[in-house]
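**Student:** Using the sequences and the accompanying hints, generate a full structural model.
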Amino acid sequence: MMDDNSGLDRILALLHLLNVSRDPIYNILLNGFKSAQYITENHDKVKPEMNLKELLLQINTEVKRRNRNPGEKNNYPEISNITENEKMLSKVLVKDLLSQEGSQCKVLHGLDIMFIFNILLHRLINIELSKDVSTAVAKLKKIRTNLCHARSNYSQTEFETVLEELLGHLRVLYQNLGWAQNSLNVKRNTIMKEAESKQTAVIFNEVREEVHQRYSCHHTLPVITHKVPQSAPVVIEDLVKFVEEHQFDRPIVVCSHHDADMACLQAHLATSFVKGNSKAFSLVLLLEELDEGSTSGTIHQEDSNVEGLGLWSRVDHCLQSLAPITWEKYGNNVIMKVLKVYQEETLYLVRWKMKLSGPLRSEMEQGTWVLAQREEPPQVLDWIVLTIQGYTEVQVEKFLEDSVSSVDMNEVVSLYRNCQYKPAITSVELIKAFGKMTSRPSLGTYWEFGEAFIQEKLQSPYNESHHHILQLGKIAFQATCKNNSSYSVQELEGIPTEVCKMFLDIETNVHRASFIYVIARDYLIANYISSNPSTACNNWKKNPKQFRSIFCFTCFLWSKNRCVKDNLTYIEEFLLAALGAPPKKSDNLPKHTVKIFSNWEYVLDVDKACTGQKYIRKKLAGALAHFPVWVFSEDLSLDNNELCDLEKIIKLVKLDDLAVTIKLENKNVSLLTSIWKKLRHIKELQICAEVIMVVKHTSENLSEIEELVHCIVGERKVYITRYNGPLFFQEQLYFLKCPCLKYLSELDVTVYDVQSLLEALSCEGHKTLQNVSVRVNLKESEQEFPSTPTITIPRSVKLYLTIRYFENIEKLFKCFDQKNHLKSLIIYDVIVSPNFSLDISMFKSLKSFSLKLCPSLNEKLCHEVMEEESDVISHKCSYSRSSWMMDLILGIKLPVGLERLLLRNMDFCNDCNLYFLETLQQRHSDLGRLVVLDCMLTINGARKLLSQENKEDLADRTKKMCVNFSEESEMKKLVDKNPRLSKEKRLKLQMKKPKGKEFIVDSEVSLCSTCQLFPCLCTPKKDTRDTLDKLSGLIVDIYSYDILTFSYASNVCAVRKNVCGDLSVRCVVSELTDDNAAKLSTGISSSDGLYKFFLHLVLAQTITFTGTKLSSEGVLTVIRHLHDVKKKYGPGQKGHVVGKYGVEPFNLTVETIWQPTPELNECLRGLVDVLFSLPCISVFVLRCVDQNKCVTLKKTFKGVLLLNGKENRELRGLTEKS
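Here my numbering is used: the sequence shown runs in plain steps of one and ends on residue 1205.
Take these hints with a grain of salt, some might be off.
[Unchecked claim] No farther apart than 25 Å at their CA atoms in a straight line, the calculated lysine-lysine pairs in the DSS-like style are these: (1) K638 <-> K582; (2) K214 <-> K262; (3) K129 <-> K266; (4) K174 <-> K129; (5) K766 <-> K704; (6) K1017 <-> K1115; (7) K21 <-> K40; (8) K1017 <-> K1079.
Since the hints were derived computationally from the structure, they do not count as laboratory data.
**Tutor:** Here's what the structure looks like:
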């Protein structure tokens, strides 16, 4: 800010003189209004009951009409700024002006003096003024205009000249009114003194003092996040500090759909900066939403002209409320000029709607602006975006403590802590509503709170509009039936604006509205349904998903009005639809379809809404009887009262001898125990139910599991047929022999000691037992085996054994009797040490073996590793992993006849030590499926591994790799080796996979660490491990070799062959640009490898390119080239039916860093046209990805076009004229 404001002080003094001299101008308007030509000549139009705003709008309409008249010589000017002054103009009636009623007309004193000048001088109104008065008014208007645009270096000479002119014109007005002119001399002396004083600072201080005294509201703030580009949102811990740190940055936008939340946030900021220790801002302006005039009328009539006001005009209007005394004293022009001087030191907290599009407003380039908006600004604009996420339970309690009186505080907070609908109370308005309801006898349910919230809102001056509430509920009901959540302005016609604003978020720019709160929407719809059941209930069951919560509200209202029994038919129909109940006869269901029920919370919600009435409980029980499987899921949370209510409902279920399977699975073992206690005493379940028990074991729930076991042991009323959980207690040694496990069919347990392992495998006595899975994680004290117990592997069951590796594991293997019965074995957390030995060859019948090595120390240890053992693991892993390969392969002994081998965490396996893996293959030639995960094999390594099973003549292999692609016959001969199978053969192979060799290699090989491209484009090349030529060779090998399936996947590429012989290829192709794509058809590209690579893609049925730089035109070129190559060399050349145009169908995915222009449809028009003209492209996906956004275009197998996941008929229509 400049220290020398003397020029500005002189301008402000003259403007101040004009402001305090409004009286004569105001009186001349009053005196001349009655005899104005427009008034006297238009008695039929000018009605006494009209207000001044309506009159001036009428005059503007007449101006427009006359200006359109060709015969009119001179155009009349329109009266501007009517909207800006509508609040005052609406308060003055024409009859007040005609009678010069002082008390009413005094309101006009608040009008800007320029507005009065325009009315006095308007030629159509034509107020009769003498020539000298008319001249004086015109001169005063000109002086005012010049002062508003004067330079800040206004000189003393200019000041004195204009001052005398002002006083001269005012004397003319005084003389006309017959007023004494002595007061003008006094005003002259006062203005002279003001011009010499530091008037700018004085006025600023007066504004600040008057404004800042209004701020005194501290609020608890909700969770607020900062949207940071390219990363997850960051929670703002201290909002005041955040605003301070961004004082000179871009404007801040705070986004929320709840106006009250944003109002509290900004009020908190205003108070914190004014009353707190921060010295960041000299002035804080909390700029509230403008009063838009009358609240009468319907929403479609709402005047939204305030959007048209300039930014400073709206600030000026807000200042009239913030600092009315100072504003009246100096006038708006003086105050606005002063504020602009101090703009850099001002914090603007703006609460009105703004269109956040286009470039940043020039007015907002200075000062700190915090805007409250419902929608986020477009990404193209450089705003700092904060989002109000809502209040946590702790924050709600703090808000209640701060906002409720000390007398009621404890009661309110206690009520909140005990209520069951805390997740619904996350915004300021709902929190305040909750705080006002302590006088109500009951707030026990969500629906009672919803009703109380609505009634609180309707205790406004518009409570006579209850019939409009019913009408609004009907509109919302009809929209919900159509899956719509917003309503057009036309639909809301006839509902008063004040009613709409109570409940709706009105977007005037799109002429639509939606409910601010779901609880309000649900209640109003339920209110309509409960009043019109015969009409509404025939529709809601057609879309039950949308009406689930509304149904509970409806039941609550029916229960309250004692008419549940009258509506039982509607309730039963909806329950069956909402719960997805199948018909009781399973024959009506498709094969392999089992309907599972798990939504117990909803059953209890319906029960609570109907206050536990027996009529409803019978209907709920009837619905449950339709489900053959009941699941008490892992995330279920029930208190004791809810369990009791649920028990009463289940007791009413009539199963009619149909068996029901009950799955109990919950991380809360205490809840699991409580549910078991309830179920075991229900007589109906003792006959028909079988239970699946899943127990989650942690180090903290040992005592809870023990209690559960005690409840199960000795129980014989309800049978457990499948058990999954730990087996490690002394008492549990008899667990598997307890009566309720008599019909056990599946057992999946984890054991931590040898004795428990013995118990788990001693299951020969269970005639119904079919599958046993045992996870062995022996404690360190159990790993020595001083004695050799005999562990018998049961013959009658399928045993799946998983063992956590320890050094003496071979001693454990020696303890096993009946070793031939073991079919599957997994050993995990294997640590290779010098002289490593792992002999499992004694398990002669073993078909599947998985060896999961301990991961590298720079990775997280397997989740099975307990914290207390991590140090031991780290110590043992100190043996260099580079030496693990040799020790592992030499130390492992596998049984003859092993069919499937999986090796995991093989990061030490690379091309250099691949020999050891080849040795393993040679040693076990009958190995059908080999899976190597997390290794470091390159494309060459994968080819070498593949070649071990395909000992072709080296000359033939070399010839195949060096096909002369200029010779069409050679290429056709290559690709015609395996024609695409018919649909019937493919289905047969997929249903029953034949025997054959299978390889899966998952590699961690990545892009070049320097350029991060593939192929490496460094000069000279720094990464020569993988190239496009090598990838082409791998494609040929996989396609040509006699192998059932093969998969090689790395961070660079992936090539897979399925059981039907189809190939899929995914690859990063960094050099695939529009220019290189255009060169492909000529046979010349930036590298010969790219051209050959595309020729080999003739063999692939699924192709994916990532890391490209293709535009839509480049993608189009690639599609055409692939089509031409496949048509030229594809299998269709020898008579195979492969497509409408003789081209084998294929899927194509392209990922590019290119971004479409804003005219998205125009960019993609040509591409979509080609996609639907080439039937050979079965599925197509284009993903345009950059740092800020992603655009996805997809053509599905069924020919549906999706843009960003949604069907786009418009884009499709651009290319299909039909």
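**Student:** All hints, please: hold or fail.
**Tutor:** Comparing the hints with the structure gives:
no.	hint	verdict
1	K638 <-> K582	holds (21 Å)
2	K214 <-> K262	violated (29 Å)
3	K129 <-> K266	violated (41 Å)
4	K174 <-> K129	holds (20 Å)
5	K766 <-> K704	violated (35 Å)
6	K1017 <-> K1115	holds (24 Å)
7	K21 <-> K40	holds (17 Å)
8	K1017 <-> K1079	holds (11 Å)
Going through the hint list in order, the structure does not satisfy hints 2, 3, 5.
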